[in-house]
Amino acid sequence: MGVLETSGDTVILVMEVVGTVAFALSGVMAGARARLDWLGVVVLAVVVSVGGGTLRDLILDVPIDWLTESWPLLLAAAVAVVAIPVVERVGGDLDSRAHVLVADAAGLAAFAVVGADVALDQGVAAWAAAVLGVVTGVGGGVIRDLLVRRRPAVLSGQIYALAALAGTSLYVLLLEVDVEPLVATWLGVLTILAVRLAAIHWDWSLPVLRAPGGDEDED
Amino acid sequence: MGVLETSGDTVILVMEVVGTVAFALSGVMAGARARLDWLGVVVLAVVVSVGGGTLRDLILDVPIDWLTESWPLLLAAAVAVVAIPVVERVGGDLDSRAHVLVADAAGLAAFAVVGADVALDQGVAAWAAAVLGVVTGVGGGVIRDLLVRRRPAVLSGQIYALAALAGTSLYVLLLEVDVEPLVATWLGVLTILAVRLAAIHWDWSLPVLRAPGGDEDED
Amino acid sequence: MGVLETSGDTVILVMEVVGTVAFALSGVMAGARARLDWLGVVVLAVVVSVGGGTLRDLILDVPIDWLTESWPLLLAAAVAVVAIPVVERVGGDLDSRAHVLVADAAGLAAFAVVGADVALDQGVAAWAAAVLGVVTGVGGGVIRDLLVRRRPAVLSGQIYALAALAGTSLYVLLLEVDVEPLVATWLGVLTILAVRLAAIHWDWSLPVLRAPGGDEDED
Numbered sequence: 001m002g003v004l005e006t007s008g009d010t011v012i013l014v015m016e017v018v019g020t021v022a023f024a025l026s027g028v029m030a031g032a033r034a035r036l037d038w039l040g041v042v043v044l045a046v047v048v049s050v051g052g053g054t055l056r057d058l059i060l061d062v063p064i065d066w067l068t069e070s071w072p073l074l075l076a077a078a079v080a081v082v083a084i085p086v087v088e089r090v091g092g093d094l095d096s097r098a099h100v101l102v103a104d105a106a107g108l109a110a111f112a113v114v115g116a117d118v119a120l121d122q123g124v125a126a127w128a129a130a131v132l133g134v135v136t137g138v139g140g141g142v143i144r145d146l147l148v149r150r151r152p153a154v155l156s157g158q159i160y161a162l163a164a165l166a167g168t169s170l171y172v173l174l175l176e177v178d179v180e181p182l183v184a185t186w187l188g189v190l191t192i193l194a195v196r197l198a199a200i201h202w203d204w205s206l207p208v209l210r211a212p213g214g215d216e217d218e219d
Numbered sequence: 001m002g003v004l005e006t007s008g009d010t011v012i013l014v015m016e017v018v019g020t021v022a023f024a025l026s027g028v029m030a031g032a033r034a035r036l037d038w039l040g041v042v043v044l045a046v047v048v049s050v051g052g053g054t055l056r057d058l059i060l061d062v063p064i065d066w067l068t069e070s071w072p073l074l075l076a077a078a079v080a081v082v083a084i085p086v087v088e089r090v091g092g093d094l095d096s097r098a099h100v101l102v103a104d105a106a107g108l109a110a111f112a113v114v115g116a117d118v119a120l121d122q123g124v125a126a127w128a129a130a131v132l133g134v135v136t137g138v139g140g141g142v143i144r145d146l147l148v149r150r151r152p153a154v155l156s157g158q159i160y161a162l163a164a165l166a167g168t169s170l171y172v173l174l175l176e177v178d179v180e181p182l183v184a185t186w187l188g189v190l191t192i193l194a195v196r197l198a199a200i201h202w203d204w205s206l207p208v209l210r211a212p213g214g215d216e217d218e219d
Numbered sequence: 001m002g003v004l005e006t007s008g009d010t011v012i013l014v015m016e017v018v019g020t021v022a023f024a025l026s027g028v029m030a031g032a033r034a035r036l037d038w039l040g041v042v043v044l045a046v047v048v049s050v051g052g053g054t055l056r057d058l059i060l061d062v063p064i065d066w067l068t069e070s071w072p073l074l075l076a077a078a079v080a081v082v083a084i085p086v087v088e089r090v091g092g093d094l095d096s097r098a099h100v101l102v103a104d105a106a107g108l109a110a111f112a113v114v115g116a117d118v119a120l121d122q123g124v125a126a127w128a129a130a131v132l133g134v135v136t137g138v139g140g141g142v143i144r145d146l147l148v149r150r151r152p153a154v155l156s157g158q159i160y161a162l163a164a165l166a167g168t169s170l171y172v173l174l175l176e177v178d179v180e181p182l183v184a185t186w187l188g189v190l191t192i193l194a195v196r197l198a199a200i201h202w203d204w205s206l207p208v209l210r211a212p213g214g215d216e217d218e219d
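These protein sequence lines map, in sequence, to chains A, B and C. Quick note on UniProt numbering: the first sequence kicks off at 1 and runs consecutively. Quick note on UniProt numbering: the second sequence kicks off at 1 and runs consecutively. Quick note on UniProt numbering: the third sequence kicks off at 1 and runs consecutively.
Derived from the structure by calculation, the hints contain no laboratory data. Treat the hints loosely; a few may be bogus.
[Said to hold, decoys possible] Pairwise CB distance ranges, derived in the manner of DEER restraints:
{"hint": "1", "chain 1": "B", "residue 1": "V11", "chain 2": "A", "residue 2": "D61", "range": "45 to 53 Å"}
{"hint": "2", "chain 1": "B", "residue 1": "W71", "chain 2": "A", "residue 2": "P63", "range": "55 to 63 Å"}
{"hint": "3", "chain 1": "C", "residue 1": "P207", "chain 2": "A", "residue 2": "A78", "range": "14 to 22 Å"}
[Stated by the list, open to error] Here are a few chain A residues that face chain C, going by a calculated C-beta distance under 10 Å:
{"hint": "4", "residue": "V28"}
{"hint": "5", "residue": "L39"}
{"hint": "6", "residue": "S70"}
[Unchecked claim] From chain C, some residues computed to sit far from chain B (all C-beta separations above 10 Å):
{"hint": "7", "residue": "W66"}
{"hint": "8", "residue": "S70"}
{"hint": "9", "residue": "V100"}
{"hint": "10", "residue": "L101"}
{"hint": "11", "residue": "V102"}
{"hint": "12", "residue": "A153"}
{"hint": "13", "residue": "L162"}
{"hint": "14", "residue": "S169"}
{"hint": "15", "residue": "L187"}
{"hint": "16", "residue": "D203"}
{"hint": "17", "residue": "S205"}
Even glycine gets a Cβ: it sits at the ideal position worked out from N, Cα and C.
Make a model of the complete structure from these sequences and hints.
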C-alpha cells in the first residue's frame with residue numbers, strides 16, 4: 001500500500017476497522033434472513049469483509065492480503081460470533097440502522113480508495129485502478145448476495161458502486177495530475193462518503209432499466 | 001497469442017469485436033430482464049465480455065488480459081451505454097434476433113479458439129487447452145446468469161458449450177498432428193460457427209437429464 | 001504435497017479416488033434435479049470434484065492442480081458419463097444412499113487434510129491452512145449449489161464444513177507441536193470421518209439462525 005503507507009495514515013485504518021465491522025454485520029444479517037446455520041453466518045460475515053480484496057488480489061495476481069494480514073478476517077469472524085446472539089434476540093434489521101449504514105459507508109470509502117491504491121502499485125492503468133477499487137469495495141457484498149441467492153444489491157438501484165466509482169476515479173485522476181497523495185486519498189475518501197451518505201439520506205437511487213417487451217424476472 | 005499473432009490474422013480480430021458487441025448485448029438484455037439499474041447493466045455487459053477470458057487467465061496464472069488490452073472492456077461498456085436507451089424503447093428481445101445470434105456465434109468461435117491458443121502457449125495438455133477454450137467462450141455467460149440468478153443457459157439444453165468444445169478439440173488435435181496453425185485455427189473456428197448456427201437454425205438441443213425419483217427443481 | 005508425499009501414503013490416495021467418485025455423483029444428482037442437459041451434468045460433476053482444490057490453488061497462487069494432475073477431472077467426467085443412464089433409470093436419490101454418503105465423507109476427509117497440507121507447504125499461517133483445507137473440501141459443493149441455484153448445503157445446518165474444520169484444525173495443531181506428520185494426518189482424517197459419519201448417523205445439525213424481525217427468505 002505504497003502511497004498510504006508513506007502517508008502513515010491511521011484514520012484510514014480506523015475506517016477500515018469500522019467498515020469491516022459493518023460489512024461483517026451485513027453478512028450476519030443476510031445469513032439470518034437466508035436461515036443459514038451459525039457456521040454459515042460466520043462464513044458469510046468473513047466473505048463480505050475479505051471478498052472484495054480477494055477478488056482484487058486474484059485479478060492483480062498479488063498475494064491474497066488475508067493470508068499475510070489476518071486481522072480483517074479474524075475481526076469479521078469475531079463480529080459474527082458476537083452478533084449472532086444479539087440478532088436472535090433483537091431481530092433482523094440491524095443492518096438498516098443509521099449508524100450501521102454510516103459505518104458501512106466508511107468501509108466502502110476506505111476499501112475502495114485503498115483498493116485503487118493497491119492496483120496502482122501494480123502498475124495498471126488509471127481507469128483499471130479505479131475499477132479495481134470499486135471491486136474491492138463492493139465485491140464482498142456481491143459474493144454475499146450470490147451465496148444467499150439474492151439479487152446483488154449493488155446492481156439494483158442503490159447509489160453504492162457509483163459512489164465508490166466517483167471516489168476512486170477522482171483519486172486516480174488527482175494522482176495523474178500530481179496532486180499530493182495524501183490530499184488525493186482524502187478527497188477520494190470524502191467523495192465516496194459524501195455521495196453515499198447523501199444517497200442514503202435523500203433516498204437517491206439509480207433508474208432501473210425496464211425492457212417493455214422483455215419477459216419479466218420472477219421476483 | 002503466439003500462433004494467431006504470427007498468422008497475423010485480422011479476421012479473428014473482427015470476429016472478436018463482433019462477438020464482444022453481441023456478448024455485451026446479452027448482458028444488457030439479461031440486466032434489463034432482472035431489472036438492474038443502468039450501472040448494473042453496464043457491469044453485466046462488461047462481465048459477459050471479459051468474464052470468460054478472466055477465468056481462463058486466473059486458471060492459467062497469466063496476467064488478466066483486460067488489464068493490459070483494454071479495448072474489449074471499454075467496447076462492452078460503450079455498447080451498454082448505447083444499448084440502454086434503445087432497449088428501453090424497442091423492448092426486450094434484442095438478443096434473440098437473428099443477426100445478434102450470428103454475432104454471438106462469431107464471438108463464441110473466436111473467443112474459444114483464441115482461448116485454447118492462449119492455454120497451449122502456457123504449455124498445458126491439449127485436452128486442458130480445449131477445455132480452457134470452452135471456458136473462455138462460455139464463462140462470461142455463466143457469470144452473467146449467476147449474477148441475475150438465472151439457470152446457466154449454457155448448461156441447460158442449448159448446443160453452445162458443445163459447439164465450442166467441438167471446435168477447440170479439433171483445433172488442438174490438428175495442431176498435435178502438425179497441421180499448419182492457420183489452417184487449424186480456421187477449421188476450429190468454422191466448426192464452432194457451423195455447429196452453433198446449425199443448432200440455432202434447426203433448433204437442436206441436448207437431451208435434458210431427468211431423474212424419475214428426484215425432487216423437482218422449483219422453476 | 002510435501003508431508004503426504006514423503007509419508008508415501010496410498011490410503012489417502014484411495015480416499016481421494018473414492019471421494020472424487022462421490023463428489024462427482026453429487027454433481028450428477030444436482031444436475032438431474034435442476035434439469036440440466038447431459039453436458040451440463042458432466043460439467044457439474046467435474047466442478048464438484050475439482051472446484052475446491054481450484055479455489056485453494058487460486059488463493060495460494062500455486063498452479064491449479066488439475067492442469068498437471070488430470071486424473072481427478074477425468075475420473076469425475078467418467079463417473080458422470082456412467083452415472084447419467086443409471087440416474088435416468090434408477091431415479092434421483094443416489095446421493096443420499098448410505099454408501100455414497102460414506103464415500104463422500106471419505107472424500108471430504110482426504111481433500112480437507114491434503115488441502116491444509118498444500119497450504120502449509122506455501123508457508124501460510126496454521127489457522128489459514130486449516131481454513132484453506134476446509135475450502136478444498138467444501139468449495140466444489142458450494143460452486144455446484146451456486147450453478148444450480150440452490151441454497152449452499154454446506155451453510156445451512158449440516159455438520160459438514162464443521163467436521164472438516166475440526167479435522168484440519170487438529171491436523172495443523174498437531175504439526176505445530178511437532179507430532180509425526182503421518183500421525184497428524186491420520187488423526188485429522190479420522191476426526192473428519194468420525195464427526196461427519198456421527199452427524200449423518202444421529203442426524204445432528206447446527207442450529208439455524210433466525211432473526212425475529214427480519215424479512216423472511218422466499219424459499
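Status of the hints after comparison with the structure:
1. B:V11 <-> A:D61: 45 to 53 Å: Cβ of B:V11 to Cβ of A:D61: about 31 Å, so the range 45 to 53 Å is violated.
2. B:W71 <-> A:P63: 55 to 63 Å: violated, 29 Å
3. C:P207 <-> A:A78: 14 to 22 Å: At 19 Å between Cβs, range holds.
4. V28: holds, 8 Å
5. L39: holds, 5 Å
6. S70: Hint on A:S70: holds, closest Cβ of chain C at ~7 Å, below 10 Å.
7. W66: Per Cβ check, C:W66 is inside 10 Å of chain B; nearest 8 Å; violated.
8. S70: violated, 7 Å
9. V100: Nearest chain B Cβ is 14 Å from C:V100, so the label holds.
10. L101: holds, 16 Å
11. V102: Per Cβ check, C:V102 is outside 10 Å of chain B; nearest 21 Å; holds.
12. A153: holds, 14 Å
13. L162: Fine: 25 Å to the nearest Cβ keeps C:L162 off the interface.
14. S169: holds, 28 Å
15. L187: holds, 34 Å
16. D203: holds, 19 Å
17. S205: Since the minimum Cβ distance to chain B is about 19 Å, C:S205 lies beyond 10 Å and the statement holds.
Figure legend: structure checked against the earlier numbered hints; hints not met, in rising order: 1, 2, 7 and 8.
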